[in-house]
Amino acid sequence: DVKVTQSSRYLVKRTGEKVFLECVQDMDHENMFWYRQDPGLGLRLIYFSYDVKMKEKGDIPEGYSVSREKKERFSLILESASTNQTSMYLCASSPGGQGLGELFFGEGSRLTVL
Amino acid sequence: LAKTTQPISMDSYEGQEVNITCSHNNIATNDYITWYQQFPSQGPRFIIQGYKTKVTNEVASLFIPADRKSSTLSLPRVSLSDTAVYYCLVTELDDYKLSFGAGTTVTVRA
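Chains G and E supply the protein sequences, listed in that same order.
Just so you know, the first sequence maps onto residues 354 to 467 in the working numbering.
Just so you know, the second sequence maps onto residues 5 to 114 in the working numbering.
Bound-form chain E, shown alone:
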């Protein structure tokens, strides 16, 4: 089972770029990475997903290096409303397993 490790917390200011790195050293060939955002008293919601290299959507980018042992979620120009907990998930398709990281609390200040 892939073990995921991410920082406990990060602080930032409005307008800055926030990068959160998740380590997943035991990732297997068919595993892929997904990131979720969670606000208090709500369920997590999907942000972005990727397998390798770079994926970008309207809210974030996901960078995955060639060895795929880590991945970085990049949030451009954060605002106060981006204050949340961000979770990294490794999905192991071959074993039908999902492994969440412990979550990173991102606090954005004015």
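Chain G on its own, in the form it takes in the complex:
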């Protein structure tokens, strides 16, 4: 069974802390994504990666960075967390080529910044 695993389901951090959200997929997928989900705003793309060491900005990259050193792992980094980054963060992966839109999501990481 395919699986996308996010390292933490719930995190509480303080303003100014550096936050790492880790995501691992076991499907050998080329594409990986980080989304943010807030009530009434749906799914908003932060960053995505279509290959190792490659990254592309999504719709809301400000305040975030990403790292993809290995194919199976995609990390989201908040360099200095702020209260407006309190949200649900969802990682997803998809195959290459025509499989781009066949996303497999993790369970999500709910981050609270105090």
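Worth double-checking, as some hints may not be accurate.
If we take Cβ atoms under 10 Å as the criterion, some of the chain E residues that face chain G in the derived model are [what the hints assert, rightly or not]:
1. Val89
2. Tyr91
3. Leu102
Read the hints as simulated data drawn from the structure, not as lab findings.
Beta carbons are placed, not taken as given, at the ideal position from N, Cα and C, and that holds for glycine.
Could you slot chain E onto chain G? The hints should help.
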């Protein structure tokens, strides 16, 4: 970038058919449509995908008219467990972009 629009919410009763329409007026030739279902505190999961005409699987059907400017997800004979948020996604293969709709909250009542 294709913009997707879908209704905010829909109510239904057990045993009824639910149809959710997504508008995507700027869809391009090589774009295709995918629908996802999301329960509270879980990530969205794939329901169905299509390019044109009609696609059916064990849980849903997807109708796409000839002009492809909209698509309709059809859930036959819904049950209480179908209460969820449903998302429409347009995948633009040429530009390597994905555009989610804002989601439709479907509430099924007994």
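Does valine 89 (chain E) meet its interface restraint, that is, does its C-beta lie within less than 10 Å of any C-beta in chain G?
9 Å, holds
The hint names leucine 102 (chain E) as touching chain G; please verify it with the least Cβ-Cβ distance against 10 Å.
Given a least distance of 6 Å, the restraint on leucine 102 (chain E) holds.
Restraint: tyrosine 91 (chain E) near chain G, CB-CB cut 10 Å. Satisfied or not?
7 Å, holds
Of the numbered hints stated above, none is contradicted by the structure.
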